[in-house]
Every structure is written in structure tokens, then in C-alpha cells.
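**Q** If you want the building blocks of each chain, they are given just below.
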Amino acid sequence: MKTLNTKRLTTLALTLAAAMILSYVEAMIPSVAIPGVKMGLANIAVVFALYTLGGRDAAFVSLLRVVLVNVLFGNAASFIYSAAGAVCSLCVMLAFHRLGVFSVVGISTLGGVSHNIGQIIAATVILGTDRIVFYLPVLLISGVASGIVVGILGGVVAARVKP
Amino acid sequence: MKIEKLTLKKADMILIMVIISAATVLWLIFSLGLRDGEYAVVYINGEEWGRFELERNAEIEIPVGDGYNILVIRGGKADVIDADCPDRTCVFSHAVDSVGQTIVCLPHRMTVVIEGRGESDVDIELR
Numbered sequence: 027m028k029t030l031n032t033k034r035l036t037t038l039a040l041t042l043a044a045a046m047i048l049s050y051v052e053a054m055i056p057s058v059a060i061p062g063v064k065m066g067l068a069n070i071a072v073v074f075a076l077y078t079l080g081g082r083d084a085a086f087v088s089l090l091r092v093v094l095v096n097v098l099f100g101n102a103a104s105f106i107y108s109a110a111g112a113v114c115s116l117c118v119m120l121a122f123h124r125l126g127v128f129s130v131v132g133i134s135t136l137g138g139v140s141h142n143i144g145q146i147i148a149a150t151v152i153l154g155t156d157r158i159v160f161y162l163p164v165l166l167i168s169g170v171a172s173g174i175v176v177g178i179l180g181g182v183v184a185a186r187v188k189p
Numbered sequence: 039m040k041i042e043k044l045t046l047k048k049a050d051m052i053l054i055m056v057i058i059s060a061a062t063v064l065w066l067i068f069s070l071g072l073r074d075g076e077y078a079v080v081y082i083n084g085e086e087w088g089r090f091e092l093e094r095n096a097e098i099e100i101p102v103g104d105g106y107n108i109l110v111i112r113g114g115k116a117d118v119i120d121a122d123c124p125d126r127t128c129v130f131s132h133a134v135d136s137v138g139q140t141i142v143c144l145p146h147r148m149t150v151v152i153e154g155r156g157e158s159d160v161d162i163e164l165r
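Chains as they are written, first to last, in my numbering: chain A, 27 to 189; chain B, 39 to 165.
Extracted from the complex, chain B is given alone in its bound form (with noise of 0.2 Å):
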């Protein structure tokens, strides 16, 4: 069978970088609207499991069927600091503070959304 060359043709530079303008301006359109979140919520099956104040510090055990995730809260700042899924990408994450950020654990089926102000309800839900 025949075997092309390798070489970049205009068409794959043409690709690469509609690929790389495209992502940029996606990140540029999600971070202007970046603004400081209030709560941090816990989403397991994307059903809301719980509200926590980004001002008020805590640490919060988030049982998940046979597993956990740890949250703190910080400083004004999410973070998943344990876990015991398989690939533990949750506890790599960075924390977040701005509305609309997330942390996902994926075998968990779990997420800690930022939300603002108005944008539910319910005002505190303690568990």
C-alpha cells in the first residue's frame, strides 16, 4: 500500500491553526466572564447534593456510593484535596473561586460547581 510522505501539507498548518485561534478565543470568552463565585456546589449525578459559603472555611467529606472525595473550602477558594477514584484527576485539579469553574471527577460522576449570587433559591443548605 502506498505510504504518503511525511510532511506537513498547507492543509494540516491551515488546520492547526484554526484548532489553536479557536481554543484561544473560547478561553478569552470564558475568562471575561470570569467574576468572584459565593458558593461552592457539590453536583453527584448532577443532581445538587450540597451548598457550602466560599467565605466560611471547611472541610467537607463528600461520601459518593462506596467512595469519597474530600472538599476545603479556604481562603475563598474550592479545592479536592482526597479522593479514592481510580485516577485521583479531581485532587490534580487546581482550586477555583470564579463563577462557572469546576472541578469533575468522572468516576465518581461528581462536580463542585462556583456559583454566584441569584442563581438558585435556596440560600444555605447545611447537611
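Just chain A, same shape as in the assembly (with noise of 0.2 Å):
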């Protein structure tokens, strides 16, 4: 899979696509029950690209659902949070997907939580204050749960599209 050929050509357009579609769906549905949270949709795709593709196309589609969504809907400060996030995230999945002690499940939970915890050291560093470690056990929890859901969808698209 490392030669750039038409199929992974096309895979990883097709991922990147469901991705952002993903994102775009995610911000028309308003986080009122708890502020802030959200369910982390995109990851599907990533999760997917992890366990098909490859860490690396993983990283691809990842950061460049990122770039793309923000510049097309963002402004400068999504970037800053999406990106935090998601580099985050990506950076522990990869780590503990090479170590094989989790199933899609449990990497996708600790994808959740350290995009989570990636926002909230970005938010402290542009906010100026370390008031919002008051959140992070909200964000833990909705982490796990996102994670959860994630992980099951991911694992089951993965399991049964095979590019």
C-alpha cells in the first residue's frame, strides 16, 4: 500500500471525503445538553483509514480533514482547536495501534479523550487560564462515551468494506 496507485488514490479521496461530510453533519447538530461536547463524527473516517489503510494514510486523511473543513467553514481559531485536537488523537492511536494491546474500541476511546484533553491544553494556552481543567472531567467521560460509539462504527465499516 505505500505506492501511490489509482485504487489508494481513490480509498483515500473516498475517506477524506466521508470525513469532512462527516465534520459538516457534526456542526449542524448544536451541543446543548453539555456545552462543548461533541461526538467526534470525523474519526469514523480516520478509524477506518487506521485499521485498513494504514497509519499513515490515517495521518493523511486526519490532518487534511482538518486544513480542509477549517478552510472552508472555520476561521483561525477552529483551526487552532480542531488541529490541537486532532494531532493529539492521532499521535495516541497511532502509539498504542502499533502496540496491539487494545481493540478498535479502546483505541478509538483513548482517540476520544486525547483529542479532548489536546483541546483543552489549546484553550488554556490562548485563554490565557487555567480555569477550564474544570471541564476535563465532563470531557473525559464524553471522550469515552464518543469513543465507544466511534469505535463500534469505525471497527464495523472497516470489517466490512475492503479496499
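Everything labelled a hint here was simulated from the structure, so no lab data went into it.
One or more of the hints may lead you astray.
As the list claims (entries may be wrong) - With the Cβ distance kept under 8 Å, some of the chain B side facing chain A (calculated, not the full set):
#	residue
1	Leu46
2	Leu53
3	Ile54
4	Ile57
5	Ile58
6	Asn83
7	Thr140
The C-beta atom is built at its ideal place from N, Cα and C for all residues, glycine as well.
Fit chain to chain and form the complex, with the hints in mind.
**A** Okay, structure coming up:
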């Protein structure tokens, strides 16, 4: 899968397109119940890429999604937050995927939680206040919840769609 | 490529348990430290912009760049009731009244922090 043949190129393009659509759909769901909590649906595409195409392609999908979605619908501030979350989540997922201790649900849970931690760190730096740490317990739980859902969905898609 | 089976491993369960326990412990620590606040302090870009007594009902318009957030103090609680930021997370946030609780508006780099007495040399600042 290392050479850029037509099949890999189209699979990557489709996965990236799916990731962008998922981001768009998620942006339309307001987080009324708990402020600031998002489901992280786009991570389904990253998990899918990680389990079918490999770590390098998962990184490609994740990072390009952040850039494209923020260029199209976001602004400079939203870019920093999504980039911090995505990079954090990606590094943790790649590292633990390589370890091979966890299943897809565990990997995705780690991804969800580290995404939220990354965003808290970014918010702490940008807002210049450490008070946001009070959101950490809520964001840890929501990271676990969304991580489990995303892991199951990503795992099912990866098992059924063979690129 | 090999696709792993979609079953929860023991490690997954332990991981989920550990994170949930950690969150619970943190939540307990944070909520045990809760005490009634005296001021709602507004920070913009990390710098104090205004300090308002929770005892005094007020409606404050906070100009942030080319936007605004509207902070209302009523019945000893502070709440952001309106804003023109894109996600409006601050508006959906619940009202706060205990020391350390915050309402955050990421797009406007604005935070409302509840503080107690003796955390600042400034007693009251009017704007």
C-alpha cells in the first residue's frame, strides 16, 4: 500500500470526503445538552483508514480533513482547536495501535479522550487561564462515550468495506 | 490487510474503567472545593476586563472585537444569555455561582470566572 496507485488514491480521496461530510453533519448538531461536547464523528473515517490503509494514511486523512474543513467552514481560532485535538488524538491512536494491546474500541476511546485533552491544552494556552481544567471530567467522560460509539462504527465499516 | 475482530478485549474494559474513575475522582475533587463566589470576573484574551458583584443584578454587554457576549447577573448567578459567536457554546452553558466555575467562549477568547473574596487586590471595578 505504499505506492500511490489509482486504487489507493481513490480510497484515500473517498475516506477524506467521508471525513469532511461527517464534520459537516456534526457541525449542524448543536451541543445543547453539555456545552462544548462533540461526538467526533469524523474520527470514524480516521479509524477506518487506520485499520484498512495503515497509520500513514490515517494521519493523511485526519490532518487534511482539519485543514480543508477549517478553510471551507472555519476560522483561525477553530483551526487551532481542531488541529490541537486532531494531532493529539492521532499520535495517541497511532502509538497504541502499534502496541497492539487494545481493540478498535480501545484505540478509538483513547483517540476521543486525547482529542479532548488536546483541545483543553489549546484553550488553556489561547485563553490564558487554567480555569478550563474544570471541564476536564466532563470531557473525559464524553471522550469515552463518543470513542466507544466511533470505535464500533469505524470497526464495523472497516470490517465490511475492503478497499 | 488484516482486520481485527470487533470484540472488546480485557484491556479495553480496563482502559474505559480507568478513564471513568479518573474523571469521577477529578469531578469529586473539583466539586468538594466548591464554595459560593462573590464576583463574576470577565477575562478577554486572559486579561481581566471587568469584575461584577454577584449580589447585584445586572446586564452587561461585553464587546469582544467586532462581536459581543451578553452577561446577566440575576439571583446570585452569572449567565451568558446571548452572543454572536459561531458556536454559541457560552449561551448554552449553565449559569454559574461557585468559585472556580467558568463560562467559556472560545471564538471570542472570553471567559467568565466566578471568584471569591481575597483573590485580588481590586475590590470593585466599575466600567
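**Q** Against the structure, test the hints numbered earlier, and report the numbers of the ones violated in rising order.
**A** The structure breaks none of the hints.
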